[in-house]
Each structure stands twice: as C-alpha cells, then as structure tokens.
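Trainee: Here's the letter readout for the chains.
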Amino acid sequence: MEFERPLEELEQKLASLKRVDVSEQPELAAEIGELEAEIGRLHQTLYTALTPWERVQISRHPERPKTDDYIEALFTDVIELHGDRLFRDDEAMFAGLATLDGRRVAVLGHRKGKNTNENIRRNFGSPHPEGFRKAERLMHLADRFGLPIVSFLDTAGAYPGIEAEDRGQALAIAECLAALSQVRVPVVVVGIGEGGSGGALAIGFGDRLIMLENAYYSVISPEMCATILHKDARRASETSACLQLTAQDLLRLGLADEVVCEPLGGAHRDPAATFASVRGAIGRTLGELSPIAPDALVEARYSRLRAIGAYAGE
Amino acid sequence: MPISDWFKAREQRRYTTPTAVPTADVPDGVWVRCEGCKRTLYMGDLERSEMVCPSCGKHHDITAPERLAMLLDEGSFVEADAGMRSTDPLDFTSGKAYVDQIAAAEERTGLNEGFISGTAAIGGHAVVVGAMDFRFIGASMGSVVGEKITRAFERALQLRTPLVLVTASGGARMQEGMLSLMQMAKTSAAAARLAEARVPYIAILTNPTMGGVTASFATLADVLIAEPGALIGFAGPRVVEQTIRKTLPKGFQSAEALLANGMIDMVVDRRELAATVGSLLAYLGSGDE
Ligand SMILES: [Zn+2]
Chain A
1 MEFERPLEEL EQKLASLKRV DVSEQPELAA EIGELEAEIG RLHQTLYTAL
51 TPWERVQISR HPERPKTDDY IEALFTDVIE LHGDRLFRDD EAMFAGLATL
101 DGRRVAVLGH RKGKNTNENI RRNFGSPHPE GFRKAERLMH LADRFGLPIV
151 SFLDTAGAYP GIEAEDRGQA LAIAECLAAL SQVRVPVVVV GIGEGGSGGA
201 LAIGFGDRLI MLENAYYSVI SPEMCATILH KDARRASETS ACLQLTAQDL
251 LRLGLADEVV CEPLGGAHRD PAATFASVRG AIGRTLGELS PIAPDALVEA
301 RYSRLRAIGA YAGE
Chain B
1001 MPISDWFKAR EQRRYTTPTA VPTADVPDGV WVRCEGCKRT LYMGDLERSE
1051 MVCPSCGKHH DITAPERLAM LLDEGSFVEA DAGMRSTDPL DFTSGKAYVD
1101 QIAAAEERTG LNEGFISGTA AIGGHAVVVG AMDFRFIGAS MGSVVGEKIT
1151 RAFERALQLR TPLVLVTASG GARMQEGMLS LMQMAKTSAA AARLAEARVP
1201 YIAILTNPTM GGVTASFATL ADVLIAEPGA LIGFAGPRVV EQTIRKTLPK
1251 GFQSAEALLA NGMIDMVVDR RELAATVGSL LAYLGSGDE
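Chains A and B, in that order, give the protein sequences.
FYI, in the working numbering the residues of the first sequence are 1 to 314.
FYI, in the working numbering the residues of the second sequence are 1001 to 1289.
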C-alpha cells in the first residue's frame, strides 16, 4: 500500500543487511540494530494514526482475511447452501449453516476471491440480484428454524451491470432489507473489510454491528464521491474523511456497537489473532441476544433503525 | 401550504423542463419546446394535459406540489411533518458545503425538503400520500426524507389507510454518509410492517427513481406503477456504462423495459394515474374492511 512504502524500503534494506555474514563485518550488527529500532518506531507512527483513506486501503488489502477465512477459522460443521431457486447460484454471496462454539447459526457473507480465477467467478465480491435473493432465502430459512444470523460484510458494492439491472438489482436488495427487518432471530453483522453501500446494507444491519478496526462502511465509495463532487477520483482521501466511514466514526455515530482491534498494520499481519478477537466478539454478542424473546428482538431492531437520522423541526 | 397557493407559486417556477421559446411580444414561458418531439407548444395546453405533450406523449418532469395537485381530489390534502428540515450532521464540506446546498434548494423550491406528505383522497378513497421533489438536491434520501417517509408508513399503519407514494430520487444523500444509507433500512422496515398489517401500498415510480430509493421502500409496494419513459434502476446509467465499457441498449432502465422484465405491474399515462390508483384502491381497499 502506498502509505507503507517508507516502511517497505527499510524492511528491504534490513533483509539485505541480514543476508551478509555478520561475523565477517561486525560493524553491521550495530547498523542492523538501529534499523530494527527505526522500523519499530515507523510501525508505531504509521499504524497508530491511520487516516480514513489509509484504513480504506487496508480494508481492501489482497491478503486481508476474507469471509471464507472467517468461516473456516471460526465455525465447525459448515454446510453451504446454494442458489436463489430462480436463476443461478451467485458465488459472490456465501449462504450456509454453521456452528460457532456449539451454537448453531445461519451464515451470510460477501465473498471475495483469493486469486484471479476465484475473483472472476465471484465477481470480486460484488453480487448480482441472485446473490441477494439467495441471502434472502437464507434469512427466511433462519427465521423459520430459529437460527441466529451472522453476516460478514466485504463488498465494494452490488454489481452495476446490464444483466444485474435487468434482473432487478434494486428490488432484490429491497426484499433483503424488508426480510432482515422482520426475522425473529438475532442478527449479528460483522464488517470485516469493505462495506460498500446498498450491496453491503442488504445483509448489513441487524441487532448488533461489530466493525473491525480497519473495516469501512459507506453510503458511497470515496472514489465515486470524489468523482461526483470534484470530477477527480484522486480526491478520495478527502472524501473518505468527510463521509465518516471508519469503524470509529460508526461507533461515534451510534451505528456500530463494537470495534474489534486489529493487529498493528492490519488483520492480514496476524490472521489468527484477528480470528480469535472476532470469534470472541460474535460469541459474546450472540450470548447477549439469545435470551431476548423474538417479539422484543424485532421491536428493538425497529426502534434501533427508527432512531437513526438527524433533523430539525417536527 | 394549501394546494391553491402552490398553484400560484408555480408561476414563479424556473423548473420548466420544456424549454422556453422567447418571442418578441409575449412573456417568457408562454411558448415552450417539447423535449420529446421538439414541437413548440402553448404552455397553457401543456399544463392542461398535466405536462404531458399532447402531440408525442412525452412526460415532462413535474414538482411534488404539482404532482399532488394532479393526483389528489381537490382540496383534500392536509400536509404532515411540514416543519422538518435537514441539518448537517457530518459537517460535510467537500465540494459545495452541504449547508449551502440545503439553503439554495430551499430558496429555489420554496420547500423544506425533497418530500411532501400528508393525508388526502384519490377518487374518493382516503389515502396517506407522499411525493418526492427532484429539484431538492435530487430528492436524495437523507435523514429528513427518510424520516418523513417512515412516518408516512407509520401513519398509514396507524390509520389503517392505504399509502400512495410517488418517487423521484437520485438515491442516497452522500452528504449524510451512513445516516443516509441507513434510511434505506429504516424505510424498508416500516414498509415491511405495513405489509404485515395488510394495509395496501401503491408506489408510483417517476423519472428518475434510482439507487437507494429504488433499492428500498419504493419497490416494496403491493402494486408498482411507473410513468412512461421514466428512468428506474439501481446503478446510474453512466456508472453501468463505465463499469462494462459498452454502450447501453436503447431503453435500458426505462419503465417499459422494467415492465417487459417483469419488475413492475404497469406503465400508466400521467393523465390516467388518478383514475388507475382509484380503481386499484377499490380492489385493495384496506385489508380489514
Ligand atoms: Zn412532444
């Protein structure tokens, strides 16, 4: 990532120094020590005061853990369910049943790929209407059989294509929103990477919203916002600050309930530690929500939505 | 403001989508050029046909007050939530400052926000009604528009009176960030409650209805009507074009295309709209009657 370049340069220098036999050039040992200290300091300054735009870049890091990784690391007895029963199976959306520390749940998640092939099949995590209709099908199934829903957000947005529009992208998202508002089971949403607009929201609200420290959730991509306002996508750094899209912003706005800390530099630097934190957060949240009666749960979810917005006058 | 005043206010409007044709001896705006067939029309004739070109049928965009005047039984409208105004919760300053945009839109339209709602009657049927006004920052759904729409759903539920909403919107209001996006969930949740209570909801999608509005309450209606030629979709045509790098097919995202694709119930001429809604209400009534 752009802002990590100074750090990378030092790390490369360190690696090349380490290839030299220190016993032949003892003066190098001191230089290596200094370099290591400097890298440590740079690490701190770089990652403890991240700008919103830097966090957006981390959220998109190719090595960042994805929905598949969380499912594999956190759950057991995973059964994936396919298809929308109408058109086809959309690989950009995961839907399935799984067990988290003995608790049976339904799982949804946007699905980015690990490599180019996977990404082409999964459309880089941007669902078509059939992806949302599969998700909606799982919401109803979870509702019927009393399974709490755990939903992982990681999408740049719903796919803006001709076929997606022709098959009713907007209608598919709207149906998800209606279904999610009414399911009589706990809904826990976890923002793990990108939270791009309506495509994220379709599986992206519920009883609790947990955000990873470097995940974002936004009404519009910072680039698109910059293009509209300034006809210049390069001003995304400015608009990402204005949009208040970081986990910390959402917590302050009262939209997120918890921010899960990531390892220094981002989740990809230590996936195992990230999985442990996220597992803890989801487990705790499901524990809080599970004693609540279904009626009260749906009512509280509505009140929660009802409270969102700022205005003057009556 | 009563509808009769809106009619007076209409004379000052600068929102004539047909182009004014200046002539030497008559005031501006008396003769206009149809955006469809390019014919020169007498403004009075165009107004009498509800801003639909008598010659080619082109539906020119209209304001929310005009819409309500055309759709509702005369004198039946009582406005609700009229005093609500937008604030600038994110202190959004990138581009033109949001507060200035709000002020300019208020000045230009004489409205407090991009959605007007209340109670009224259509063809003798009591309704809760609302219409969006695209002139007000594209009638984008910020906190106020989202809240007023949610209240309209709740009012319909409370009164067990059918809801009729007329949409026209660019989608979410990015200057309100996530507070705007969440209005999609809020309005959809309110729509789901009304559906659950079996109170009818008819949506009239007009040009243009896009983004977060199409992808939430607008398309959750029992009956979806669109006006001829209206642009209706999720992603804007330019975004789609840039994504796929191909020219879009003719009529893409038009009301007629949505009808052919099975996404809406009918395309109805503006001049038949009130009668159509009235007939639908006679069938759907209020679920418990
Ligand atoms: Zn014409």
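Heads up, some of the hints might be wrong.
For lysine-lysine, the following DSS-like pairs were computed, each having C-alpha atoms within a straight-line distance of at most 30 Å [what the hints assert, rightly or not]:
no.: 1; chain 1: B; residue 1: K1250; chain 2: B; residue 2: K1096
no.: 2; chain 1: B; residue 1: K1246; chain 2: A; residue 2: K114
no.: 3; chain 1: B; residue 1: K1096; chain 2: A; residue 2: K231
no.: 4; chain 1: B; residue 1: K1250; chain 2: A; residue 2: K231
Pairwise CB distance ranges, derived in the manner of DEER restraints [to be verified]:
no.: 5; chain 1: B; residue 1: E1256; chain 2: A; residue 2: L86; range: 49 to 55 Å
no.: 6; chain 1: B; residue 1: G1262; chain 2: A; residue 2: G146; range: 32 to 38 Å
no.: 7; chain 1: A; residue 1: G146; chain 2: B; residue 2: A1282; range: 37 to 43 Å
no.: 8; chain 1: A; residue 1: A276; chain 2: B; residue 2: G1262; range: 45 to 51 Å
no.: 9; chain 1: A; residue 1: T116; chain 2: B; residue 2: G1083; range: 51 to 57 Å
no.: 10; chain 1: B; residue 1: K1246; chain 2: A; residue 2: M1; range: 30 to 36 Å
no.: 11; chain 1: B; residue 1: L1248; chain 2: A; residue 2: P6; range: 26 to 32 Å
no.: 12; chain 1: A; residue 1: I120; chain 2: B; residue 2: R1198; range: 41 to 47 Å
no.: 13; chain 1: B; residue 1: D1073; chain 2: A; residue 2: G146; range: 32 to 38 Å
no.: 14; chain 1: A; residue 1: A272; chain 2: B; residue 2: I1244; range: 37 to 43 Å
no.: 15; chain 1: B; residue 1: A1282; chain 2: A; residue 2: H140; range: 30 to 36 Å
Quick look at which bits of chain A chain B covers, simulated, 3 or more residues with Cβ under 8 Å [to be verified]:
no.: 16; region: 82-95
no.: 17; region: 139-147
no.: 18; region: 207-221
no.: 19; region: 224-234
no.: 20; region: 247-259
No wet-lab data here; the hints were simulated from the structure.
Positions of the beta carbon are idealized from the N, C-alpha and C atoms, including for glycine.
Trainee: State for each hint whether it applies.
Mentor: Okay, the hints, checked on the actual structure:
1. B/K1250 - B/K1096: With Cα atoms ~34 Å apart, B/K1250 and B/K1096 exceed 30 Å; violated.
2. B/K1246 - A/K114: 28 Å, holds
3. B/K1096 - A/K231: Since the Cα atoms of B/K1096 and A/K231 sit roughly 13 Å apart, the hinted pair holds (cutoff 30 Å).
4. B/K1250 - A/K231: This hinted pair holds, its Cα atoms lying about 26 Å apart.
5. B/E1256 - A/L86: 49 to 55 Å: 23 Å, violated
6. B/G1262 - A/G146: 32 to 38 Å: 33 Å, holds
7. A/G146 - B/A1282: 37 to 43 Å: Given range 37 to 43 Å: holds, Cβ gap about 41 Å.
8. A/A276 - B/G1262: 45 to 51 Å: 47 Å, holds
9. A/T116 - B/G1083: 51 to 57 Å: 55 Å, holds
10. B/K1246 - A/M1: 30 to 36 Å: 32 Å, holds
11. B/L1248 - A/P6: 26 to 32 Å: 44 Å, violated
12. A/I120 - B/R1198: 41 to 47 Å: 45 Å, holds
13. B/D1073 - A/G146: 32 to 38 Å: Roughly 48 Å apart at Cβ, these two residues miss the hinted range, so it is violated.
14. A/A272 - B/I1244: 37 to 43 Å: With a Cβ separation near 39 Å, A/A272 and B/I1244 satisfy 37 to 43 Å, so the hint holds.
15. B/A1282 - A/H140: 30 to 36 Å: The hint (30 to 36 Å, Cβ to Cβ) holds, given that B/A1282 and A/H140 are roughly 32 Å apart.
16. 82-95: violated (count 0)
17. 139-147: violated (count 0)
18. 207-221: holds (count 4)
19. 224-234: It holds: at least three residues are needed, and the region 224-234 of chain A offers 6 whose Cβ sits within less than 8 Å of chain B.
20. 247-259: It holds, with 4 qualifying residues against the three required.
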